[in-house]
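Construct the complete structure from the given sequences, taking the supplied hints into account.
Heads up: the sequence lines are chains A and B, in that order.
Each residue of the first sequence is one higher than the one before, counting from 1 in our numbering.
Each residue of the second sequence is one higher than the one before, counting from 1 in our numbering.
Source of the hints: derived by calculation from the structure; they are not laboratory data.
All C-beta atoms in this analysis are idealised placements derived from N, C-alpha and C, irrespective of residue type, glycine included.
You may find that some hints are simply not true.
[What the hints assert, rightly or not] If the Cβ cut is set under 8 Å, some of the chain B residues that face chain A in the computed set are:
#	residue
1	Thr-27
2	Phe-47
3	Arg-50
4	Asn-52
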Amino acid sequence: DSGVTQTPKHLITATGQRVTLRCSPRSGDLSVYWYQQSLDQGLQFLIQYYNGEERAKGNILERFSAQQFPDLHSELNLSSLELGDSALYFCASSRTASSGNTIYFGEGSWLTVV
Amino acid sequence: AQKVTQAQTEISVVEKEDVTLDCVYETRDTTYYLFWYKQPPSGELVFLIRRNSFDEQNEISGRYSWNFQKSTSSFNFTITASQVVDSAVYFCALSEAGYGGSQGNLIFGKGTKLSVKP
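What follows is the structure, encoded as structure tokens:
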């Protein structure tokens, strides 16, 4: 158990809908990351937050947004969903925002768009 | 540009065989970090090891060992006496220090699927 908690574990929704994925980082970790894993793109970095502030942005679509709250939990909002958004979404956390920190991953949220 | 290449897409071995998973990376940074993660069939990503660019010592942890060679930009992972429970997808990843050491995110390879048959 990495200590990173993600909900829901599985989600099935229709195209055009909006979903929110939730993440609680490991105790003491200030940085949260979101990654997307799909068959064609592999594991891709989406976005990183550190202590409530956006720190780095990767290949995140404009239809997607995220935030980190004062209690350090984070949410990833996916809107106007398309079939191609079906993927495993990981949340991860680390102690600080710097490279070299070990990044621990949650179990992922499986999103299926039908 | 930064890149991680895991040329072996799939490997199949019989239990008790040794197996080496290859990882080659590209980076312009002199300070960087390399990682291996394991993704079993259940889907979670499990951290295995982190190595920084200044430490080329090989590491052994039980049946696992890692060989880091800066000269060839490789960070290979060997499982000795493989077991069925080792069946998983293994990912190599790179984190660059970047300006001010602020690049915390990971760049992953495509992964190597290891199947260990009884």
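So, going through the hints one by one against the coordinates:
| no. | hint | verdict |
| --- | --- | --- |
| 1 | Thr-27 | 11 Å, violated |
| 2 | Phe-47 | 6 Å, holds |
| 3 | Arg-50 | 5 Å, holds |
| 4 | Asn-52 | 6 Å, holds |
Consistency with the previously given hints fails for number 1 only.
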